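Participant: Please take these sequences and the hints and turn them into a complete structure.
Below are the chains, spelled out letter by letter.
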Amino acid sequence: MYPSKFDYHRPSSVQEAVQILSANPEAKVLAGGHSLVPVMKLRLATPTALVDIGRIEELQGIGRANGSLRIGACVTYHEIANSDVVREAAPLLAEAAGQIGDRQVRYRGTIGGNLSHADPASDLPAAALALDATLHVSGPNGSRSVGASDFFVDLMMTALQLDEILTAVEIPAAQAGSGSAYVKFEHPASGYALCGAAAVVTRTADGSCASASLCFNGVSATAVDAAAVASSLVGSDLSDAAIESAVNENLSIPDPTGDMFASAAYRQELAKTIGAQALCTARDRA
Amino acid sequence: MGISIELEINGASVSKEVEPRLLLAYFLREELGLTGTKIGCDTSQCGSCTILLDGQAVKSCTVLAVQADGGSVTTIEGLANGEYHPMQQAFWDNHGLQCGYCTPGMIISCIDLLNTNPQPSEEEIRHGLEGNLCRCTGYHNIVRAVQAAAETMNG
Ligand SMILES: Cc1cc2nc3c(=O)[nH]c(=O)nc-3n(C[C@H](O)[C@H](O)[C@H](O)COP(=O)(O)OP(=O)(O)OC[C@H]3O[C@@H](n4cnc5c(N)ncnc54)[C@H](O)[C@@H]3O)c2cc1C
Ligand code: FES
Ligand code: FES
Numbered sequence: 001m002y003p004s005k006f007d008y009h010r011p012s013s014v015q016e017a018v019q020i021l022s023a024n025p026e027a028k029v030l031a032g033g034h035s036l037v038p039v040m041k042l043r044l045a046t047p048t049a050l051v052d053i054g055r056i057e058e059l060q061g062i063g064r065a066n067g068s069l070r071i072g073a074c075v076t077y078h079e080i081a082n083s084d085v086v087r088e089a090a091p092l093l094a095e096a097a098g099q100i101g102d103r104q105v106r107y108r109g110t111i112g113g114n115l116s117h118a119d120p121a122s123d124l125p126a127a128a129l130a131l132d133a134t135l136h137v138s139g140p141n142g143s144r145s146v147g148a149s150d151f152f153v154d155l156m157m158t159a160l161q162l163d164e165i166l167t168a169v170e171i172p173a174a175q176a177g178s179g180s181a182y183v184k185f186e187h188p189a190s191g192y193a194l195c196g197a198a199a200v201v202t203r204t205a206d207g208s209c210a211s212a213s214l215c216f217n218g219v220s221a222t223a224v225d226a227a228a229v230a231s232s233l234v235g236s237d238l239s240d241a242a243i244e245s246a247v248n249e250n251l252s253i254p255d256p257t258g259d260m261f262a263s264a265a266y267r268q269e270l271a272k273t274i275g276a277q278a279l280c281t282a283r284d285r286a
Numbered sequence: 287m288g289i290s291i292e293l294e295i296n297g298a299s300v301s302k303e304v305e306p307r308l309l310l311a312y313f314l315r316e317e318l319g320l321t322g323t324k325i326g327c328d329t330s331q332c333g334s335c336t337i338l339l340d341g342q343a344v345k346s347c348t349v350l351a352v353q354a355d356g357g358s359v360t361t362i363e364g365l366a367n368g369e370y371h372p373m374q375q376a377f378w379d380n381h382g383l384q385c386g387y388c389t390p391g392m393i394i395s396c397i398d399l400l401n402t403n404p405q406p407s408e409e410e411i412r413h414g415l416e417g418n419l420c421r422c423t424g425y426h427n428i429v430r431a432v433q434a435a436a437e438t439m440n441g
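Residue numbers (the working numbering), protein chains in the order written: chain A, 1 to 286; chain B, 287 to 441.
By construction, these hints were calculated from the structure, which means they are not laboratory data.
Fair warning: this is a prediction, and the values are worked out from it, not measured in the lab.
Note that the Cβ used here is the ideal one computed from N, Cα and C, for glycine as well.
Heads up, a few of these hints could be off.
Which bits of chain A does chain B cover? Going by a derived footprint, with three or more residues having C-beta under 8 angstroms, they are [unchecked claim]:
1) 3 to 13
2) 24 to 37
3) 43 to 54
4) 174 to 184
Calculated lysine to any residue pairs in the SDA-like style (CA-CA distance at most 25 angstroms, straight line) [as the list claims (entries may be wrong)]:
5) A/K41 - B/E292
6) A/K272 - A/S178
7) B/K302 - A/K272
8) A/K28 - A/A241
9) A/K5 - B/D328
10) A/K41 - B/G288
11) A/K41 - B/R307
12) A/K272 - A/M260
13) A/K272 - A/E249
14) A/K41 - B/E305
15) B/K302 - B/E369
16) A/K5 - A/P47
17) B/K302 - A/R55
18) A/K272 - A/L251
19) A/K5 - B/V429
20) A/K28 - B/L308
21) A/K41 - A/S245
22) B/K302 - A/T48
23) B/K302 - B/I289
24) A/K41 - A/R87
25) A/K5 - B/R315
26) A/K41 - A/A65
27) A/K28 - B/V304
28) A/K5 - B/K302
29) A/K41 - B/I289
30) A/K41 - B/G319
31) B/K302 - B/Q342
32) B/K302 - B/E316
33) A/K5 - B/G288
34) A/K41 - B/G357
35) B/K302 - A/A189
36) A/K41 - B/T329
37) A/K5 - B/E292
38) A/K5 - B/E303
39) A/K41 - A/Y8
Facilitator: Written out as structure tokens, the structure reads:
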């Protein structure tokens with residue numbers, strides 16, 4: 001299969017990439033290509049130009065400074081899942097990245113591509129939400145930062161403008177006493193999440209819940225922050241029973257997805273089970 | 287508009303002008319005649335097009351040739367060096383193939399698996415090969431082949 005024809009650009013800086021995008025509204029960013037190339041082969045996307053950002057130096061690298069972790073947009077899942085720095089500062093992200101696709105996909109797919117593509121079944125959006133990530137974006141008018149909770153707008157739609165590039169993801173480093181887990185219930189054929197739950201909990205010295213977050217992929221048009229579940233857990237003893245009742249009483253998924261693989265009602269129930277599992281595992285690791 | 291690319295393919299340097307939309311799998315098969323790399327699904331699922339790009343297993347039907355510019359590619363044709371690569375030998379010895387269509391990609395993924403995890407458990411082998419589908423063998427003999435190769439390659 002061949003994509004339709006396009007011009008290929010390989011800029012060496014973000015600024016140059018943004019200029020090309022600004023000059024051509026039909027141009028698209030190419031990162032790992034593991035969502036874009038397949039849809040171009042199916043001619044579901046026919047951009048007239050690709051701007052390959054894969055080799056731009058500023059978009060690489062994992063670093064930790066001033067209590068936060070910075071991951072360049074073009075860092076691959078393989079690098080994230082195997083980075084000691086990420087495993088220590090944001091173990092949730094490393095766990096989620098390690099569950100994406102297969103080994104071949106993990107060598108090519110990038111965190112920036114995953115978040116920008118914003119497929120409802122992608123594995124990283126819920127982790128970005130649960131970790132309160134800040135997304136750094138560059139465009140023709142300079143740079144701006146967007147919180148993960150404002151980034152995912154609708155089905156495969158983000159706060160990015162057509163001529164903007166996601167450059168880096170910044171995550172506050174995990175606090176002492178916190179634990180996290182990403183639990184994925186995947187479709188056996190595609191490997192994509194029917195439901196993926198990202199949980200973080202922090203315990204006080206006496207073991208009670210100081211803070212929590214629980215976010216989902218795969219169950220709605222965008223990643224969902226189950227803030228009501230998380231806030232009802234604060235102050236609890238985080239026992240299995242406390243977690244189960246928090247989830248059962250407070251989890252409601254807005255517009256749950258129903259499709260040929262699973263009905264909306266099934267997904268909502270699945271979210272309760274997977275969400276409780278993620279919280280229990282996060283607690284055990286805290 | 288053609289773009290000049292330069293790669294190292296199985297140790298030899300190759301430069302060509304290609305259309306940006308040319309996929310690496312087609313570049314290898316149709317421009318270079320390296321038909322060992324197979325195209326099965328052409329939709330990024332089956333792994334039969336897997337090659338090593340800069341030492342990492344990738345699905346060459348999902349990489350543009352221009353993205354691989356400057357890189358180093360190893361295909362199934364580049365593995366034997368007078369004698370079979372230990373993974374090829376292990377597939378032979380353990381009957382790790384039937385029709386053989388998945389085999390070039392499978393062998394490349396198996397090599398990548400051992401590069402990242404030299405002593406995998408059976409479960410790690412099965413899980414580690416999730417990106418490669420085989421419609422014939424039922425995988426058991428492929429797992430045996432990887433176990434055997436792990437022994438030779440570590441021994
Ligand atoms: C077989 C297979 C299995 C998969 N399984 C999973 C899975 O289980 N879970 C999962 O989450 N994903 C899965 N994926 C998708 C994969 O994770 C993709 O890599 C990811 O969705 C896109 O990232 P990319 O770097 O490949 O981006 P690309 O495909 O290059 O780009 C995707 C989109 O994002 C835009 N874009 C990319 N980077 C930027 C940026 N920095 N700034 C602005 N826009 C940008 C592009 O223009 C394009 O529209 C799978 C893919 C395949 C082929
Ligand atoms: S042909 Fe590339 S994955 Fe099937
Ligand atoms: S041997 Fe026939 S597909 Fe694997």
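Participant: Against this structure, judge whether each hint is valid.
Facilitator: So, going through the hints one by one against the coordinates:
1. 3 to 13: Three-residue rule met by the region 3 to 13 of chain A, so holds; n is 7.
2. 24 to 37: This one holds; 4 residues, not fewer than the three required, reach chain B with a Cβ under 8 angstroms.
3. 43 to 54: Our answer is that it holds, as 3 residues pass the Cβ test (under 8 angstroms) against chain B, meeting three.
4. 174 to 184: violated (count 0)
5. A/K41 - B/E292: Cα-Cα ~24 angstroms, so holds.
6. A/K272 - A/S178: holds, 22 angstroms
7. B/K302 - A/K272: Violated, at roughly 55 angstroms.
8. A/K28 - A/A241: violated, 48 angstroms
9. A/K5 - B/D328: holds, 18 angstroms
10. A/K41 - B/G288: holds, 19 angstroms
11. A/K41 - B/R307: holds, 9 angstroms
12. A/K272 - A/M260: holds, 20 angstroms
13. A/K272 - A/E249: holds, 10 angstroms
14. A/K41 - B/E305: holds, 14 angstroms
15. B/K302 - B/E369: violated, 30 angstroms
16. A/K5 - A/P47: holds, 8 angstroms
17. B/K302 - A/R55: holds, 20 angstroms
18. A/K272 - A/L251: holds, 7 angstroms
19. A/K5 - B/V429: violated, 41 angstroms
20. A/K28 - B/L308: holds, 17 angstroms
21. A/K41 - A/S245: violated, 47 angstroms
22. B/K302 - A/T48: holds, 23 angstroms
23. B/K302 - B/I289: holds, 8 angstroms
24. A/K41 - A/R87: Roughly 35 angstroms between the alpha carbons, so the hint for A/K41 and A/R87 is violated.
25. A/K5 - B/R315: holds, 20 angstroms
26. A/K41 - A/A65: Measuring from Cα to Cα gives roughly 41 angstroms; hence the hint is violated.
27. A/K28 - B/V304: holds, 20 angstroms
28. A/K5 - B/K302: Cα-Cα ~18 angstroms, so holds.
29. A/K41 - B/I289: Holds. A/K41 to B/I289 sits at ~19 angstroms (cutoff 25 angstroms).
30. A/K41 - B/G319: With Cα atoms ~22 angstroms apart, A/K41 and B/G319 stay inside 25 angstroms; holds.
31. B/K302 - B/Q342: Distance of about 23 angstroms is within 25 angstroms: holds.
32. B/K302 - B/E316: holds, 12 angstroms
33. A/K5 - B/G288: Holds: A/K5 and B/G288 sit about 11 angstroms apart, inside 25 angstroms.
34. A/K41 - B/G357: Distance of about 23 angstroms is within 25 angstroms: holds.
35. B/K302 - A/A189: Distance of about 37 angstroms is beyond 25 angstroms: violated.
36. A/K41 - B/T329: holds, 8 angstroms
37. A/K5 - B/E292: The hint holds at about 21 angstroms.
38. A/K5 - B/E303: holds, 15 angstroms
39. A/K41 - A/Y8: holds, 16 angstroms
Going through the hint list in order, the structure does not satisfy hints 4, 7, 8, 15, 19, 21, 24, 26 and 35.
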